[in-house]
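Full structure from sequences and hints, please.
Listed below, chain by chain, are the residues.
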Amino acid sequence: MAAARADTLQSVELADGVEIQLRVAGPAVRSMAYLTDLLIRLGIDIVVAIIAFWLLPDLIGEEMTRGLMMLFAFFMEWFYNVFFEAGAKGATPGQRSMKLRVMSVTGGPVSLAQAVMRNFLRVVDFMPGLYLTGIVCMLFTKRFQRLGDLVANTVMTYAEVPQFIAPHVEIRAERRAPSQVLTREEQAALLQFLERAPLWADERRIELATLVEPLTGAAGVEGLQRLCGMALWLQAPEDKSGTPPPLKGAAMLRS
Amino acid sequence: MRLEDITVALRPRQPWESVDLGCAMVRRDFGRIIVLWVCTVLPLWALVCVLLRSSPALIPLAVWWLKPLYDRVPLFFLSRAAFGERPTFFETWKQWPRLWIKNFLPALLWRRLSFIRSFALPAQMLEGLRGAGVKKRIKTLAMDGGSSGVSMTLAFSNIEVAAWLGLMWGTYGLLPESAQPDWAGLFQSFDFETTIPNAFLWWGAACHMVIVTLVEPFYVGAGFALYLNCRTRIEGWDVELAFRRLATRLTSATAAVIIAVLALCGGQSTVQAAADPAAAVREVLKEPEFEIHKRQSPEWVWDDKDKDRNIDTPKAQGLDFVAVLIRLLFWALVLGLLTWLIIYLVKNRRLFTSRSVSRAPVQAPKVLMGMNITRESLPDDIVAAARAAWAAEDFKEALSLLYRGSLSWLVNRRRVPITDSDTEEDCLVQVLRAGEKTEAEYFRQLTGAWVQVAYAVLPVSDAEMGALCDRWPFVDKGGAA
Chain A
178 MAAARADTLQ SVELADGVEI QLRVAGPAVR SMAYLTDLLI RLGIDIVVAI
228 IAFWLLPDLI GEEMTRGLMM LFAFFMEWFY NVFFEAGAKG ATPGQRSMKL
278 RVMSVTGGPV SLAQAVMRNF LRVVDFMPGL YLTGIVCMLF TKRFQRLGDL
328 VANTVMTYAE VPQFIAPHVE IRAERRAPSQ VLTREEQAAL LQFLERAPLW
378 ADERRIELAT LVEPLTGAAG VEGLQRLCGM ALWLQAPEDK SGTPPPLKGA
428 AMLRS
Chain B
3 MRLEDITVAL RPRQPWESVD LGCAMVRRDF GRIIVLWVCT VLPLWALVCV
53 LLRSSPALIP LAVWWLKPLY DRVPLFFLSR AAFGERPTFF ETWKQWPRLW
103 IKNFLPALLW RRLSFIRSFA LPAQMLEGLR GAGVKKRIKT LAMDGGSSGV
153 SMTLAFSNIE VAAWLGLMWG TYGLLPESAQ PDWAGLFQSF DFETTIPNAF
203 LWWGAACHMV IVTLVEPFYV GAGFALYLNC RTRIEGWDVE LAFRRLATRL
253 TSATAAVIIA VLALCGGQST VQAAADPAAA VREVLKEPEF EIHKRQSPEW
303 VWDDKDKDRN IDTPKAQGLD FVAVLIRLLF WALVLGLLTW LIIYLVKNRR
353 LFTSRSVSRA PVQAPKVLMG MNITRESLPD DIVAAARAAW AAEDFKEALS
403 LLYRGSLSWL VNRRRVPITD SDTEEDCLVQ VLRAGEKTEA EYFRQLTGAW
453 VQVAYAVLPV SDAEMGALCD RWPFVDKGGA A
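Residue numbers (our numbering), protein chains in the order written: chain A, 178 to 432; chain B, 3 to 483.
In short, the hints are calculated from the structure, not lab data. Do not rely on the hints blindly, as some may be mistaken.
As the list claims (entries may be wrong) - Restricting the straight-line Cα-Cα distance to at most 25 Å, the calculated cross-link-like pairs of lysine to aspartate or glutamate (DMTMM-like) are:
# : chain 1 : residue 1 : chain 2 : residue 2
1 : A       : K319      : B       : D31
2 : A       : K319      : B       : E162
3 : A       : K276      : B       : E162
4 : B       : K439      : B       : D383
5 : B       : K141      : A       : E380
6 : B       : K138      : A       : E380
7 : A       : K276      : B       : D146
Unchecked claim - Derived list of chain B stretches under chain A, where covered just means 3 residues or more per stretch with a C-beta under 8 Å from a C-beta of chain A:
# : segment
8 : 27-35
9 : 158-169
Cβ coordinates follow ideal geometry from the N, Cα and C atoms, glycine included.
Given below as structure tokens:
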């Protein structure tokens, strides 16, 4: 049943049997990134054109300037994305503003060839007008890929793991080992509870703690105390410093 | 609603990621959603079309305005499907009137322009609150996810507009000419009535409906997923789910232990310890899964050993002579090839120098445009001969003498790269490019006059002819040449 769940993480099995999960990004956020890039590109084109037509015609003539500007516009149109996506950040300024980056399906950075291929195929995705093909293709493929992505074997992914900032609270609970052996998912859930409990109302915390009565052996506030103690123990089995360990659980989110 | 039956992976996500989750949910059931859409929305659209048949320009506006109604059936389906009870077509169909009637006035009037329409819709439709309660609830939710709801609405309207215009753009060429608007007239007079045919408006409305059908379900799904994400974060649904599973596992494990204990007490041990562990291991290793497969494949390696051995054998000695011969032949071939290459390059070195030089003909042409231009064919004093011909009113002969004389001079003395296939125009271009300034200027005038007389048969004035004769530049200055 777990396999049938709709999810945004897409598993990819690599050649050496390792399974990685890609946090693929969908058409909505990508359209915003594209719009940002479009505006940036237009802005650069206009500024360069103004400067060029201000300075150059006296030096090289009107026609030459116009030709050079057309060349410049051509390179901006075809190589702006290639240049940035094949670069170190793997993302154009617009994509970076939405915290996205382009990746190979294998999770690595895109090669120059892949960047060229996925961007030159924009012409196909653009057909019959204004990226209709690309939009439809993105909506209906599992990894939100447009045709260029499918051909070049690339995906657009979120570049950052989400950080949840919970208020730092001191938890007064006695550190204790869980009474049963817990699986990894269950340990992660306990840690999540400890990290996010400050965001919830008291009743909700107690309600959740009461759910795991078989583990804690107590209901209500006592159960909550014991649950917090077990979660603290999972964070660090022994109290070394005397102060509560920092609540950094972001890595556990991906469990 | 049982959280255990949920069919989406819950996890606190970034807002955009939850929008993507919504897209994935809709994609999973797009077929069913689109069938429901066709059965519920198309009748309404048919009604709209009939009512607005006299002004089709308003149809897209009406279709857009009624969007909150369309959202409800897909949302009902998605919310049930998310919790594992995917409703059948008839179950949803029965709900249809109830879904559309509930709160439809506020949705179509003062809430229509809300930027968090699809994000707020689940709170209005699914939570069973009324009046002020709904408003308060939406406000609470919007504190956490409102801004992402707004940007999501923006993103989807961008997508919708782009796809709509794209579809119109792409299919525009298929329209008959009578259905295409008169763009020039439109921009001159801004008279929309006469320049845009009704067929164009109908077609635009149809394209709009297709695109709304395609995009709107995803927008609804995205809003629903955003709402789910919001509640997951503020209520810890993912933690609740994990805790429920943990509790279930532990209770069933405890029950299993109790059963085992009871069974042991009854003396009915069902656990059979293996008598000899080593034998058991051997038994297991005999299974086909543990068979070790081997495959042999030949591989090319350098035959170093054999070469050493062959030197010792007497058989090879007689072949030394052949080996030397072949080696000599080989080096001779290499040397020959190198020599040939060098000679070839030297012979064709003009290929590597610049083009203007390569264009220079090896031999100056003798005949140009059917005219003989060798020095011998011309009189000694060309100008005098020309004046004489002019006095005898043979204007063409006079100018032809000057023209041939100048070409002869330019080709033979100045070495202007003119070939025998060039026309008057080509000659002029070459002279302008390669000749001296005064000569080139004179030649331009002369060519003009010559073309005028020879081809257009227009008279040239005496003054012009006089000037051409007086300024004749093609003479040896100071007898130098």
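**Request:** Starting from K138/B, check that the Cα of E380/A is at most 25 Å away, please.
**Result:** holds (20 Å)
**Asked** Is the hinted pair K276/A and D146/B satisfied, with a Cα-Cα distance of at most 25 Å?
**Response** holds (20 Å)
**Pairwise hint evaluation, E162/B against K276/A, where the allowed Cα distance is 25 Å at most** = Cα-Cα ~23 Å, so holds.
**chain A over the segment 158-169 of chain B, status - at least 3 residues with CB closer than 8 Å** = holds (count 8)
**Message:** Is the listed coverage of the segment 27-35 of chain B by chain A valid when you require three or more residues with a beta carbon under 8 Å from a beta carbon of that chain?
**Reply:** holds (count 4)
**Message:** For a C-alpha distance cap of 25 Å, please report whether K439/B and D383/B respect it.
**Reply:** holds (23 Å)
**Prompt:** Is K319/A within 25 Å of D31/B, Cα to Cα?
**Reply:** Satisfied, since the Cα-Cα distance of roughly 13 Å is no more than 25 Å.
**Asked** Are the Cα atoms of K141/B and E380/A separated by 25 Å or less?
**Response** This hinted pair holds, its Cα atoms lying about 21 Å apart.
**Message:** Holds or violated: K319/A and E162/B, Cα atoms, limit 25 Å.
**Reply:** Roughly 21 Å separates the two Cα atoms, so the pair holds.
Figure legend: structure checked against the earlier numbered hints; every hint is met.
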